[in-house]
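Chains as they are written, first to last, in the numbering used here: chain A, 1 to 111; chain B, 1 to 877.
No lab work stands behind these hints: they were computed from the structure.
Heads up, the beta-carbon is just placed ideally off N, CA and C, and yes, glycines get one too.
Mixed in with the good hints, there may be bad ones.
One-sided excerpt, in silico: chain B residues whose CB lies under 7 Å from chain A [to be verified]:
| # | residue |
| --- | --- |
| 1 | E27 |
| 2 | H30 |
| 3 | A34 |
| 4 | L57 |
| 5 | F261 |
| 6 | V520 |
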Amino acid sequence: MAEHGTDVIQGTLDVIILRALSLQPLHGFGIARRIEQVSKQVFKVNPGSLLTALQRLERDGSVESAWRITENSRRAKYYSLTKKGRQRLKVETEGWQLRAAAVARLLGVEG
Amino acid sequence: MSLWRQLSRGIADLWDRAPRDRDVADEVAHFREALEAEGRAQGMSAAEARRYAQLELGGATQVRAELRSVGWERAVATFFADLRYGWRGLWTNRVFSLVAVCTIAIGIGAATAIVSALRPVLFDSLPYPAPERVRAVVEWSATGERNPGTFGMYHELARRSRSFEAMAVHTPWSPTLTGDGRPERLSGQRVSASYLRTLGVAPTRGRDFREEDDRPGSVPVVIISHRLWQQHFGEDSEILRRTLRLDDEDVAIVGVMPADFENVLLPGADVWSPLQFGLESGPAWGHFLGTIGRLRPGVDASTAESELNQLSAQVIAELRPSTYGTQLRVSASSLQDDLTRDVRPALWAVLAAVGVVLLLAAVNVTNLLLARGARRREEFALRAALGASRTRLLRQVLTESLLLSLIGGAVGVAMAGAAVGAIVAASPAGLSRVDVIAVDTPILLFAIVLTTVTSLVVGLLPALQASGQGSLHLNLGTARVAGGRRRIRSVLVGAQVALALVLLSGSGLLLRSMRQLLAVSPGFDAQGILTMQVQASPRRYTEPGAVDRYFDDVRAAILRVPGVTEVALTSQLPLSGDHEAYGVTLASPPDVAPAERREIFRYAVSPGYLELLRIPLKAGRTLTAADRDGAPRSVVVNEAFVRRYFRDRDPIGERLWIGATTGEPYTVVGIVGDVKQLSLAGDTPDAVYTTPGQWRFAHHTQSLVVRGSTDIATLAPAVREAVWSVERDHPVARLTTMDAMISETAADRRFTLLLFEIFALSALALTAAGVYGMMAGIVAERTREFGLRAAVGATPGRIVALVFSFGARVTSVGLVIGVVAVVLGLRGLRTMLYGVSHLDVITHAVVLLLIALVAGVACALPAVRAARIDPAVALRD
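With the hints as constraints, model all of the structure from the sequences given.
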């Protein structure tokens, strides 16, 4: 697995986080685990980068946060998508799909 | 919305960062607990789970730091932290900070003040539209002397010239304003109708002069200043229907000038009236007018000048005016250059002094910061070792420099404000445009830019040095690095000693020159004399001798004032700015070649005038009441005149004409001592004295000189009332004491001197601070060495001598360089000096001693400190 990069591709962390939050509000650790699960352990997120990205997104108005009690009765900060965040997720997903398809075609031709 | 959120969160965060820090810590802690829980769920022991969490998280501290660095407010917070840290540092080193702030303040304050003062005079263009097109048209005689213009030449040039769209002439005019209240003497100008048009300005109310106003014999009209409209007419909106009673004649007011109109050719003028001259009138070719012109757009000055020269030669050839020589040169320099011609060299000298002071300040602060940087090397090395990047350290040092110069700059600007007030108050009345001097927005901006640039330039050098490689190799090659730095600083100190020497010497020379000037004898006894000018209306005293009888009555009235002992009259008063001169023709062939003949000052004086001023009689007799109209004409001449015109002959009994060679010549009856007429500094002019009765014109304006037995200034009101007791509405002008008038003639020099004194004091203060800063820094650096020397037996006296000899070496090198600079650089000051050479030994010796003394004191403090160093403490540190 080491030869396949486990770091999130440059510039995609924000949209991945937004996607992870699109179903339900999650706390930081939850988001990290959700990303690992859904990507089938391909992507591992560095907690530092994750939390920094969350701060940035919150500043930006794409997510909002609130302190809540977790299932094991611990205080944690839950993040949820805002209207603006949903809009951004939609736009960036479409953009990503377009580019991914193009890259896939290019690589397919090359291969 | 997003921007607003960014801002509001950022500001809330800056306000109080505790909540956010708490949030961040909580969130990171939660993350770690969740990781630990996960580890335990996978069957790890508590310790293993903790290590696993640690590994995954990658250092909680670092994550927290990363999180905190999000957002713009963090950069601001860092800046504030730097500022706080910097402030703490400056506060702990109060002496250093005070010296640095004062240095910057003096440099910026002096520079701002002087540039503010000089800007209107040297740099700002005149306050007229297209000011570069306004030219001074000046005639120069074959011998290179400046001739006042004539109406005839102006009239012909204006008619024939294609280069100028307008030309105008002007001459001062002092009409007497009567009517209601006390008679008043106004300051004004008689001008050609084109005057305001040539300057490019127009009245705000009413109209400009028209060509028909300017024809001989037209109805008299005036345009008045905004100030006169305000003060005399209370801003009457019906002003254009009113009249002024000037010189016993009612004149219609046709216009009011705008409030911001600056009449640079005669700053205090309140009224303007058309000249009403024709080419046929008598004085048409008399040299008494100033001429200006406005170039057509696109015409350059040299084209205009060659046209003027061609035309003036034509005019002289065609019209043959007798007052012109055959060779005449006409120049058309810009009016501004022409106005500042006399003061320009002095102002440039002052500006150079500004540069020197600024340089001194910069050198000094650099030096101080270098010294401080040396003492902080360990601190920086420690911070670098703890992971502070080089940029971070540079930023810290730059922030501190900025803080220093901001404080220094603020103090400097405040000082400049005060200094500009003092400069305006001290400036001589004649200096053009002094009333517009102020510290204004551009100057403030200049000061701020100066502050910032100084801080960056000055801050960067020590910052680079402190944060550079030297700081990381703390104990390697310290001596070499310190030696290099010491050399830089020695050079800096030497430079500032040299600069201070130049400034101080310049000021010293001006000071001595001023002393000499005030010690010059004016040729008469000025003490205890009250003077005033009285103007009798030329319309009222038209009969022959009438005006002389009026003045006789005035003298009698003043003599009745208790305390007055002597009264006399003169047509012109020495050192008052009066200038009335004529050519002289001797009946017998003179001993002097035509080229050496000079114009002579002609005084019409009442009997008793020469005695009252204590002008010594050298031969013959003085004028008496017997020398009246109808008696043989008598003249008393002065010694300078005798020296020039008579050489070996006995002048008594010689006959001569003054001015026109018509009528009976004057017979020389006496010789008196010389009197300074124009200024104390100038040459002693040739002079002749006649009585008013024996002169071909009546004198309607006379100066009274009064001597009293008591303090003369206190008699002024009573004397004025005595004048008015004879005739109510004659103005009494220029009421002052002779002493005051004499000190006024030194006003120009006093002004320049004041500026130089400010500089010299600044320079001395800066030098003291600089030498002290350097010596203190070096002693601090060499603490260990001094401790070692003390430990192996050096006495305190030996160590003091060591410090002193170093200081003396650096200072004396600076002094030597300074002396060379003085010898070469102060030549430019020669025109300003009177009775003292620019190489005056006494001045320079005093200045050298003064600097040496200051340097000595500045060395003494650190030297004593060095001697007190405890060897044990010094070696342990």
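Legend entry - Enumerated hints in conflict with the structure, sorted upward: 5, 6
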